[in-house]
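Protein chains in written order, with the working numbering: chain A, 1 to 250; chain B, 251 to 500; chain C, 501 to 750; chain D, 751 to 1000; chain E, 1001 to 1250; chain F, 1251 to 1500; chain G, 1501 to 1750; chain H, 1751 to 2000.
What the hints contain is simulated information worked out from the structure, not anything from laboratory work.
There may be inaccurate statements among the hints.
Dumping the calculated DSS-like pairs for lysine-lysine here, alpha-carbon to alpha-carbon at most 27 Å [said to hold, decoys possible]: (1) 1810/H with 1758/H; (2) 1008/E with 1810/H; (3) 1258/F with 508/C; (4) 1396/F with 508/C; (5) 111/A with 73/A; (6) 507/C with 1258/F; (7) 8/A with 825/D; (8) 8/A with 60/A; (9) 1843/H with 1007/E.
Which chain C residues stay away from chain D? Per the calculated CB distances, all over 10 Å, these [to be verified]: (10) 519; (11) 596; (12) 743.
Simulated coverage check for chain F against chain E, where a stretch passes if three residues somewhere in it have a Cβ under 8 Å from a Cβ of chain E [what the hints assert, rightly or not]: (13) 1316–1328; (14) 1398–1407; (15) 1437–1450.
In this text, all values refer to a predicted model and were calculated from it rather than measured experimentally.
We treat Cβ as the ideally placed atom computed from N, Cα and C, and that holds for glycine.
Here is what each chain is made of, one letter per residue.
There are 8 protein chains.
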Amino acid sequence: MEENQIKKLLASIAQGEISAEDGYKKLRNYPFESVEGFAVLDHQREMRTGFPEVIFGQGKTDDQIVEIFLRLKAKNPNVMASRISAEVYARIKDRLPFAVYDSMSRILYTKEKDGSIPGITVVTAGTGDIPVAEEAALTCELMGNKVQRIYDVGVSGLHRLIHRLDDVQQSNVIIVVAGMEGALASVVGGLVQCPVIAVPTSIGYGASFHGLAALLAMLNSCASGVAVVNIDNGFGAGCMASRINQLAGR
Amino acid sequence: MEENQIKKLLASIAQGEISAEDGYKKLRNYPFESVEGFAVLDHQREMRTGFPEVIFGQGKTDDQIVEIFLRLKAKNPNVMASRISAEVYARIKDRLPFAVYDSMSRILYTKEKDGSIPGITVVTAGTGDIPVAEEAALTCELMGNKVQRIYDVGVSGLHRLIHRLDDVQQSNVIIVVAGMEGALASVVGGLVQCPVIAVPTSIGYGASFHGLAALLAMLNSCASGVAVVNIDNGFGAGCMASRINQLAGR
Amino acid sequence: MEENQIKKLLASIAQGEISAEDGYKKLRNYPFESVEGFAVLDHQREMRTGFPEVIFGQGKTDDQIVEIFLRLKAKNPNVMASRISAEVYARIKDRLPFAVYDSMSRILYTKEKDGSIPGITVVTAGTGDIPVAEEAALTCELMGNKVQRIYDVGVSGLHRLIHRLDDVQQSNVIIVVAGMEGALASVVGGLVQCPVIAVPTSIGYGASFHGLAALLAMLNSCASGVAVVNIDNGFGAGCMASRINQLAGR
Amino acid sequence: MEENQIKKLLASIAQGEISAEDGYKKLRNYPFESVEGFAVLDHQREMRTGFPEVIFGQGKTDDQIVEIFLRLKAKNPNVMASRISAEVYARIKDRLPFAVYDSMSRILYTKEKDGSIPGITVVTAGTGDIPVAEEAALTCELMGNKVQRIYDVGVSGLHRLIHRLDDVQQSNVIIVVAGMEGALASVVGGLVQCPVIAVPTSIGYGASFHGLAALLAMLNSCASGVAVVNIDNGFGAGCMASRINQLAGR
Amino acid sequence: MEENQIKKLLASIAQGEISAEDGYKKLRNYPFESVEGFAVLDHQREMRTGFPEVIFGQGKTDDQIVEIFLRLKAKNPNVMASRISAEVYARIKDRLPFAVYDSMSRILYTKEKDGSIPGITVVTAGTGDIPVAEEAALTCELMGNKVQRIYDVGVSGLHRLIHRLDDVQQSNVIIVVAGMEGALASVVGGLVQCPVIAVPTSIGYGASFHGLAALLAMLNSCASGVAVVNIDNGFGAGCMASRINQLAGR
Amino acid sequence: MEENQIKKLLASIAQGEISAEDGYKKLRNYPFESVEGFAVLDHQREMRTGFPEVIFGQGKTDDQIVEIFLRLKAKNPNVMASRISAEVYARIKDRLPFAVYDSMSRILYTKEKDGSIPGITVVTAGTGDIPVAEEAALTCELMGNKVQRIYDVGVSGLHRLIHRLDDVQQSNVIIVVAGMEGALASVVGGLVQCPVIAVPTSIGYGASFHGLAALLAMLNSCASGVAVVNIDNGFGAGCMASRINQLAGR
Amino acid sequence: MEENQIKKLLASIAQGEISAEDGYKKLRNYPFESVEGFAVLDHQREMRTGFPEVIFGQGKTDDQIVEIFLRLKAKNPNVMASRISAEVYARIKDRLPFAVYDSMSRILYTKEKDGSIPGITVVTAGTGDIPVAEEAALTCELMGNKVQRIYDVGVSGLHRLIHRLDDVQQSNVIIVVAGMEGALASVVGGLVQCPVIAVPTSIGYGASFHGLAALLAMLNSCASGVAVVNIDNGFGAGCMASRINQLAGR
Amino acid sequence: MEENQIKKLLASIAQGEISAEDGYKKLRNYPFESVEGFAVLDHQREMRTGFPEVIFGQGKTDDQIVEIFLRLKAKNPNVMASRISAEVYARIKDRLPFAVYDSMSRILYTKEKDGSIPGITVVTAGTGDIPVAEEAALTCELMGNKVQRIYDVGVSGLHRLIHRLDDVQQSNVIIVVAGMEGALASVVGGLVQCPVIAVPTSIGYGASFHGLAALLAMLNSCASGVAVVNIDNGFGAGCMASRINQLAGR
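Given only the sequences and the hints, what does the whole structure look like? Please build it.
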């Protein structure tokens, strides 16, 4: 309910078109929606990105996933559920036959049209980082963006990255996905002008401590203009990149 | 430009089909721009932000700081050195009489004109977080931005933040600076549409472990669109925010 | 054996009503029972809460669980075993046919009547936190309390909590159950006057480090009046809340 | 603004007593006032505890402490600032001549009358834990409670605690302050029926890791009814205990 | 090869009974065996404890375990293999039909006679600690000692320990096995005069961090005369206790 | 108060020799005295070791140290205070003129006669470990033992240890003091039959993490018969060794 | 090569002073050799070691492993894939029938001839460390070296290592593989003159924290000339040793 | 005593030249001298490197440093003491007037001639890493090597490193010194064929955790041929590099 609607409502009451009592019922939920301007924002977000809400699949039961998916689908053409394992998908696919499952990123989704706003590049250090990178990339795409993927350009073979330098430098925002020592974020951060979102992955063993080594490295990046999300959080990096890219696209 | 292209180009020069000078122009961008493009970028960065390089004062001797400051000053109107303690400033101020020292943010700088690009808001949870927030804010300002400051709106008194909700929501990018449990980043992240940069601070004691608690909390934010920089890294947050804000301003 | 009983016993000896030898036998066990006043307390506890002892199911064999359950059942109408997985329950249910199993909280119990002392509210940040919350809530109920449940009101959508603010504020004690960054504890702690018990959960991934992020955040809460129990310790939070609520109810 | 007020307002509009436009202005701020109900609560808290706000002295400048102290003093007879070191006090005492400084707890305060609500006991393991214990105890007293102190009863000499068992068991709530291995919290928790608030201290060396050992021990207490606050957080324990004790005293 | 053997060897050479060359071959390995007096000690150890070497089963293949067991058995009546899971035992038992398997301690062994040197007491906090305690106790027994077991006397029910105080205090050495907060080690350490060996166990969850909480607590014990072994290291505690007890028994 | 005493007391009551009321008063403290058997033990400990209590100087004020020292001195010829820094000693020495200060071990003490029970050896890896070793050695001596010191025999020069192998192997108990990687404990543990007490020290830098590296190494010793005390805890190791050595000496 | 040099070179070509082909050769190395010199190096590496690239099998799908293996095989006689589990091998062996699988080291490889450069010794503390040691040893062999293996010579039985001292001391480089407390690296480091590469393994339990204890111990080695690779990183140690050994062999 | 000597001794006994008894006395000390072959090695090491022993100055008293320095000086022209702070040097310089102090590396030394074996390059990421780099470089030089220094070529400005690529690639061994995220080690490791020794430094703040971030990053390097020493351990890196370089120089 927006400002104008409230003004209209009060005018209707003033003009006797609706009773004070009925007006009260209409108003009752207003303050929460209004104060919590973000409730309104939720709809704005929906209009722009098509995703008022995303289902975090991990830790939810099959029934919960299906139910929420169907409820969201009833309101939006675009629905997205992250962290849906192949096992879960196998069990629920018959109940969500219209949904597309991307096994690499483990995202289950429906979408009306492809993302069209260019400007986001997703870069990975190794092959093992691709699932997280795809979670980020598909998140960006489902939120309306077009994504350039540059994979397997880790710092142990620097020429691979330098080969793609032009492509990298023409981005509005870059998502760097790397496990092990996570050095790629600093190297990319030093080569570009745009914001860099670093995603540490749990790829590695021993003293990688499930991604801690990459996380700490990225937080201590000597390159400025680098910010970090949680280990393996492709979705979060995608959201952040999409928000930034859409600022640029305004 | 591939091997064959270069060979062809050289053959054309040898055969007089194109002049050495024109050939040079074609070649010029090949190795340099492609490989070390960032060297060129450094100048572009300088043109736009006025800061081709920032002096990280911590761990440098007085002489090193003064010398680098003077060298940069010779090339740029705007020079910035971060992490200059009051003690260091007292010792070097006579040698850099034209520089301005901001004791709260511990930044020593010169600037030609005030930042003018609006869109960045810096928010703090408590009074103790202000020095880090000021490092972020002044960094943004020296890089050409105008900064809105909203301080001391931590989640233990939520009404303080909600009072300023409109101001917060009208930002292109928000820097949230918080120590202790760092909850403010998630709360702000849930209230806005724009990218949020979270800066954990070392404010706290005991199980804050010098900012680790806030850092982990921010990395695990349940709100999407939040990315994190190092503990107490106001400068890094400022750079990231400035990069994002200038995307929006293009 | 209480003070008066000892005095009476000694008087009986003085008056020759019982011999010194018989008196000694009666006294023999006195010091332990008395010094260990808590042995007496155990019975008092039983009288009030109906739970002199709770079976911690994790790490016990099927036989141990069944045997202790039956032994306690012989003395009390109310028996409670926590951390009984569905698999364990499936194997032992035929031997404890009178017991009720709650699969969400993983508690196996018998009770005579429903809890009736109002004043405890259990709040969760997300859906994934519900099993821990239910362990807390059912513990409270089995100890005689009535519980108000307010689930899925995490800080990334603050309006959900504010919607229920009145309900939250009318509690004697609130249990806040949250994983990830655990910010809900601070936000609730800042909105209420009553004691808040924070339960970090292991919900999350990466830098949540199995609940460490939420634990540290809750320990560093900027809101006063918040105390913390172990990660996923719904039972402990329930006990603490029940003790507090019954103080209020005296 | 309550329900009835809104209904009245709408009726006034319906009856033409106030215009729709003026009614809108009145409504506009309603949600904020309502949502921020806790702003009202702040005053309620003040009325009951005499402490609407406490100054956390650590990390504040002398001027900040003095200024906030004077501002609070203008509104309340009782003012309290924690973590005021002897050095800080020496510098500011002339500007706050009416304030009392307790060097053991490092609290600077004014109070009108002594706390009178009995029920809180503060227990310490060793002599080194007393400053934290006194921070807790004086916080309780300034919030209106009477405090029983039982110090230096650590588990390496268990008879010292058992000597005071009766005193301990007659409490509404017990604060256990212990460093090193923090075992006292579990021992006390097993001997009493009431809620126990455990405060780990940084007393120790080596593998105590500045209180981490005691903190982890207390979080893992085998006794139920124990909740934990941050390392050295006597103030937080005092607040929690006071909230609990005043529930009991209602 | 002992001193006398060398003297004899040299005499044989002097008397021409063996050639200098053959004597050299015999001597060649002498220095190592001799310098490494422990090689001799190994035999002494065998004579006293019957265990010159113990097989650490974890991480060994079935074949390795069987082969080493048989090799040791050929030389000694007593053989002992620790950390043999029930699954491993099921697979190898036909090849070691003479060996006894204790499923609680997961020790596979043969022994000629029961341990007879009294003086060791093994104490546990809870039921879950018993497997580790049994590893310690059976190790002691196989090394010739008689063991007193006092289980399930954790500090949350202090009367259980005090009931057994006399038994505890009459030991030469006490092994305290406890998980969770590990407080029992300090409490026992404060009640006895003899050396206490503390064994933290991985019993617990959440902030027990797989036994770290108990380990740190035990290392920080406020009671003197307590030393600690690795988490779940019942075998190590048993060895240490046996060495101490046999000193007492000399 | 023993069994016979109680029986006698009851008989006296039966015979009218003392009144029931007076008998009750005598009995009242019985359980505590009995349960607290260790209170009696304290005196036994005093008789044998001369040290019923040791003052832990760290964290105590000058006045507290002096006062407790004088109080203990009034009852015992032998008094010992550990962790007394040179600065503290300089301030208090005039008030304790009869006490001896050992600046290496930082122990302040009085003793009647030298320790005479042989069997304890203290070994260090490096020169930097000597202060902790001396704390252990002097503790042992003050408790009646004679100590053999073998310093600076770290594993990087193994021949130094092997030179002293005979001396090492003739001990009842060995204290190994080592920082950095703490490997000496395992090497010694593999060379001897007797119990080994390992003391990690904070000697080192970087990834020694203030002794954590040595602590972990010692806890994971591949040699059996090794138990560990807290980092830098020479006193604790000395107590443990003394308890063990006196068992051997019985 | 600077701008002027390039201009001159092109002018020379234009003037026919040097041919286009020779000019290309001069230019060829300018960008690539200067910048990506390593691309050329890659071929040199291939020529010498036969391994321009190694497949890290962990985290790759069966198809990825097979495809890369075949692609590399087409170019080189020697191909190597590490971290291939027995399960993976069983599934892919029919598609790579020419490849040899070593189940201990989990390496899948083809090779033309045996390694022939002596100088590398691989030492392990225990039996459990052998798989990591074999990964190192086979890596060295596939890279052209001959390897001496000395296994199961941990410090708890020092005579085993001393027995093999001569063999150890005749190496160019030694790889020490050890879990638990990792002390063997320091002991070997103190006995030899050549570089020592320490490989911590995850062998151990409890406070070994999956190899952390050994890692920290090795990093803090009191012996100079020791450097460390990641936990369980036999491959990395093998590469490093091979690089060093081939320096010696030049 | 070498093999031949023993053979001769036995032959003398066989030939009756010396008695079996006298022969035994000669033999008795043999094993120690032999086993400790490394004692001989110490002299070999001295002959080649001029440094049989290095004084680790940290934690030693002034007197200890001077005394050991003089003792070593009596035997060798080259003496080296590391970690000598400027304060220590100021106090002892009059007693060691012949020694040279390098304030950057904090090394105090004497040397006869400059190092002459080329092949070692020391690279740093930043200016703050130079003191550690100089400790490494001077150690190498004192051990006979010539060192190439390439400083301030961190990955945030990759062109600086690439500018020096030829110089870097012509090394036998490279020491990479870097703090913060330590990425330079991986980048250099990917660009060269020779062994790389990575030295993490404590340069950084916040989540660098005093060098832990760089340490973990370097241990997880995606480049093969990289091994790591302790944080800030320039000396250790120098020793390792010298050992490797001298292999190459044989």
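Results of checking the hints against the structure:
no.: 1; hint: 1810/H with 1758/H; verdict: violated (47 Å)
no.: 2; hint: 1008/E with 1810/H; verdict: violated (50 Å)
no.: 3; hint: 1258/F with 508/C; verdict: holds (18 Å)
no.: 4; hint: 1396/F with 508/C; verdict: violated (57 Å)
no.: 5; hint: 111/A with 73/A; verdict: holds (10 Å)
no.: 6; hint: 507/C with 1258/F; verdict: holds (17 Å)
no.: 7; hint: 8/A with 825/D; verdict: violated (43 Å)
no.: 8; hint: 8/A with 60/A; verdict: violated (43 Å)
no.: 9; hint: 1843/H with 1007/E; verdict: violated (56 Å)
no.: 10; hint: 519; verdict: holds (31 Å)
no.: 11; hint: 596; verdict: holds (23 Å)
no.: 12; hint: 743; verdict: violated (5 Å)
no.: 13; hint: 1316–1328; verdict: violated (count 0)
no.: 14; hint: 1398–1407; verdict: violated (count 0)
no.: 15; hint: 1437–1450; verdict: holds (count 7)
Going through the hint list in order, the structure does not satisfy hints 1, 2, 4, 7, 8, 9, 12, 13, 14.
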